[in-house]
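Just need the whole structure built from these sequences, with the hints factored in.
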Amino acid sequence: MVTRPDGKQRTGQLDDGLKPDPALPPTAVDPATQDAEERKWTPAKIALWTAIALLGGVAWFMLAIVRGETVNAIWFVFASVCTYLIGYRFYSKVIERYLTKPDDRRATPAEYKADGKDYVRTDRNVLFGHHFAAIAGAGPLVGPVIAAQMGYLPGTIWIIIGVVLAGAVQDYLVLFFSMRRGGRSLGQMAREELGLIGGTAALIATLLIMVIIVAILALVVVNALGESPWGVFSVGMTIPIALFMGVYLRYLRPGKVMEVSIIGFVLLMAAIIGGGAVAGTEWGAAFFHLDKVTIAWGIIVYGFIAAILPVWLLLAPRDYLSTFMKIGVIVMLAVAIIVVRPEITVPAFSEFASRDNGPVFSGALFPFLFVTIACGALSGFHSLIASGTTPKLIEKERQTRLIGYGGMLMESFVAIMALVAAISIDRGLYFAMNAPAALTGGTVETAAQWVNSLGLAGVNVTPDFLAQTAANVGEESIVSRTGGAPTLALGLAHIMQQFIGGTAMMGFWYHFAIMFEALFILTAVDAGTRVARFMLQDSIGNFVPKFKEHSWRLGAWLCTAIMVGAWGAVLLMGVTDPLGGINTLFPLFGIANQLLAAIALSVCLAIAAKRGSFKYLWIVALPLAFAAVVTITASFHKIFSPVPAVGYFANNAAFSKALADGKTSFGTAKTEAAMEAVVRNTMIQGWLSVIFVVLSIIVIVTALIATVKAFRNSAAGIANKDHEDPAVPSRVYAPAGFIPTPSERELMAEWNKLPADQRFEKAAHH
Amino acid sequence: MNAVVEGFRGFTRYLGGVLGADAYAKYLEHHSASGHDGPPMTAREFWRDHTDRQDANPQGRCC
Chain A
-9 MVTRPDGKQR
1 TGQLDDGLKP
11 DPALPPTAVD
21 PATQDAEERK
31 WTPAKIALWT
41 AIALLGGVAW
51 FMLAIVRGET
61 VNAIWFVFAS
71 VCTYLIGYRF
81 YSKVIERYLT
91 KPDDRRATPA
101 EYKADGKDYV
111 RTDRNVLFGH
121 HFAAIAGAGP
131 LVGPVIAAQM
141 GYLPGTIWII
151 IGVVLAGAVQ
161 DYLVLFFSMR
171 RGGRSLGQMA
181 REELGLIGGT
191 AALIATLLIM
201 VIIVAILALV
211 VVNALGESPW
221 GVFSVGMTIP
231 IALFMGVYLR
241 YLRPGKVMEV
251 SIIGFVLLMA
261 AIIGGGAVAG
271 TEWGAAFFHL
281 DKVTIAWGII
291 VYGFIAAILP
301 VWLLLAPRDY
311 LSTFMKIGVI
321 VMLAVAIIVV
331 RPEITVPAFS
341 EFASRDNGPV
351 FSGALFPFLF
361 VTIACGALSG
371 FHSLIASGTT
381 PKLIEKERQT
391 RLIGYGGMLM
401 ESFVAIMALV
411 AAISIDRGLY
421 FAMNAPAALT
431 GGTVETAAQW
441 VNSLGLAGVN
451 VTPDFLAQTA
461 ANVGEESIVS
471 RTGGAPTLAL
481 GLAHIMQQFI
491 GGTAMMGFWY
501 HFAIMFEALF
511 ILTAVDAGTR
521 VARFMLQDSI
531 GNFVPKFKEH
541 SWRLGAWLCT
551 AIMVGAWGAV
561 LLMGVTDPLG
571 GINTLFPLFG
581 IANQLLAAIA
591 LSVCLAIAAK
601 RGSFKYLWIV
611 ALPLAFAAVV
621 TITASFHKIF
631 SPVPAVGYFA
641 NNAAFSKALA
651 DGKTSFGTAK
661 TEAAMEAVVR
671 NTMIQGWLSV
681 IFVVLSIIVI
691 VTALIATVKA
701 FRNSAAGIAN
711 KDHEDPAVPS
721 RVYAPAGFIP
731 TPSERELMAE
741 WNKLPADQRF
751 EKAAHH
Chain B
45 MNAVVEGFRG
55 FTRYLGGVLG
65 ADAYAKYLEH
75 HSASGHDGPP
85 MTAREFWRDH
95 TDRQDANPQG
105 RCC
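Protein sequences, first through last, are from chains A and B. Using the working numbering, you'd call the opening residue of the first sequence number -9 and step up by one each time. Using the working numbering, you'd call the opening residue of the second sequence number 45 and step up by one each time.
Be a bit skeptical, because a hint or two may be false.
Only some residues are given here: those of chain A computed to face chain B with a beta carbon under 8 Å [stated by the list, open to error]:
id, residue
1, G106
2, D113
3, G129
4, I203
5, T313
6, F371
7, L374
8, G378
9, A514
10, A517
11, R520
12, F524
Here are a few chain B residues that sit away from chain A, every Cβ distance over 10 Å (derived from the structure) [what the hints assert, rightly or not]:
id, residue
13, M45
14, N46
15, A47
16, V48
17, V49
18, E50
19, G51
20, F52
21, D81
22, G82
23, P83
In silico lysine-lysine, PhoX-like type, Cα no more than 20 Å apart, as pairs [unchecked claim]:
id, chain 1, residue 1, chain 2, residue 2
24, A, K107, B, K70
25, A, K246, B, K70
26, B, K70, A, K103
If you are wondering where the hints come from, they were derived from the structure by calculation, not from laboratory data. A quick note: this is a predicted structure, and the numbers were derived from the prediction, not measured. Using N, Cα and C, we set each Cβ at its ideal position, and we do this for glycine too.
Here it is as structure tokens:
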């Protein structure tokens, strides 16, 4: 470890003004020792990384080059895991060495602002799980399923390569820069680094993007629960279960989080099983059979009430439940895929890969595949988490690589598993489920006929097969169950029944999957509404100061109502859209999410430039350029494309013209009212696209100006203004990665020898 | 057998950490280590304060 060649070069005494406590062992591994350790390639290490590279190479070869009848799902696991390992070990190290340059001798906010509540040093392994649970939700489970329309390969490549070069880079950088600023939020950082105009544009864009994201997530739930008595019952039961847990934690046994989570989990399972029984009875099927519009209104009302209820009653307990389920589900999915190893019959590139009129989502592969899969490859929403709770919990600066970069790799793996689950089902079934009712006709006969007429290689579905599949999972119908969640649930049920329970258990597994997706989404809807309400209150507060008082009930309710009204309107628009909802709105979700990523990366670019890392600025510029090109191109398609299926305004014009011509039905809109709805929806969607793209361009341009200014300043020898918190010497030590290196072990041993009273309070669990 | 029990305990402790079940224990640790003035909050008070702070300070969940 800390080799001191001549006895004076101790880690803590580099000449930068940081004065460590001489009574304590070093708070960082000596950089020279660490460097030597990293650069020393023992034969075992070389053999290990050669094996990883070879296995990854073979797996990619099997996926991308070999064209057999089928491909085994295990190759997806190997290709992704090996690429992640290489990306983590080599690329994230480059970022660490040349761009972030963490310094373990500096105290993190969790240390210098420690308050035992919000700022608490947290063991790196625990924080990894915590951060992962906060970033991963329904997004990575839905996008890859929808993108599977184009075949498995485009999605797989984008998820795996995208995360290594873009998504994980964004998460890592935002987390690190926010940590250096005492855990400041992305909005505050944008304001500081980009000035008033850039900062304001970033704030408005973030607010709008949250509205869109919440609306479309809610749309996924509505589509999964529509006309599904079993789903409505079991998901509906999560509300009383969460209320019970909330009361239990508040009054009966405060703080028994683990205990109440297990109780809640058991109740959830009971609700799923009970749902099957209830849906099997005549009254149950009648009572819980709700159409989509009713469910949408239900979620809107629920969203408003949930967002004004105190956190302890509904949000906090459901959060525990959702985290508990998240970890369990992901482990279960991974184990099942590795054990069952399903054979995939979906082609690498499907017939729709080269077209722009696919039934599941419209638009060409470039750019629309890259916005359809946002979460799992590059998700801007993560920048809000990485500049929220997590930076306040980090124990040592060098751990940001594990948590920021590593956490995102984990989410990417979830996306890959969702993709595998979705493509393990029959391809004809996939299109019957994911095409809007306007195309499939909504019945098994018309759907089978439509799917068979697509002329897809190896696809031949019968009405009986569609009906039988629906019966197996306890649903009345699986035709046109768009939104991705039902397809994933069916894929998961298909894999899990081979693992546990057989066909008899398919209904349980299907509804288990629907349940956890709904749980994640309802938590996101509730939390998103709250965050958006606070942002709105603060913004209005600049003009009407009274609104800044968050405890002012009327203001809070008013702002909640505005936010719920905004996403509720988009949700209803999606539910009633004669064109199918998901296939026109989902691209907007991806565009919104990645424009947020472009905003976050712009802020990182400006910060990195101000720190003087010009030579390695490409690390940020590369994903920023890609995200900007993809989202701006996609937005331009959506705004200017003359193809009605792609361009909002083109569609608007086509329907307006049809109305003007006195037609009473046009395309998939069968009535005049439906046509008017299309005209209205496309106009709103079109203008939303325009606003997003304009705001994002403003942010990107202001970031580029800030970058150029920083470059000029350093060329002229003027110091750039730095918004980091002042450096405080650290008084604790913990290793950076999952497994401590030999030098880290040595240093840990030195710290462990220290009498307990001299040690700064230790973080729990080692 | 002992190793299995140990492993299971470790797992539940980890899961508890991820859920945030140990927040009060950490608060007490901080309180006793940081030269406090006054007694720490009781468990009931702490958890009330814990959720009330979330009320005043909402955090997004990801999609």
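> Against which earlier hints does the structure fall short, listed by number upward?
Replying inline: none
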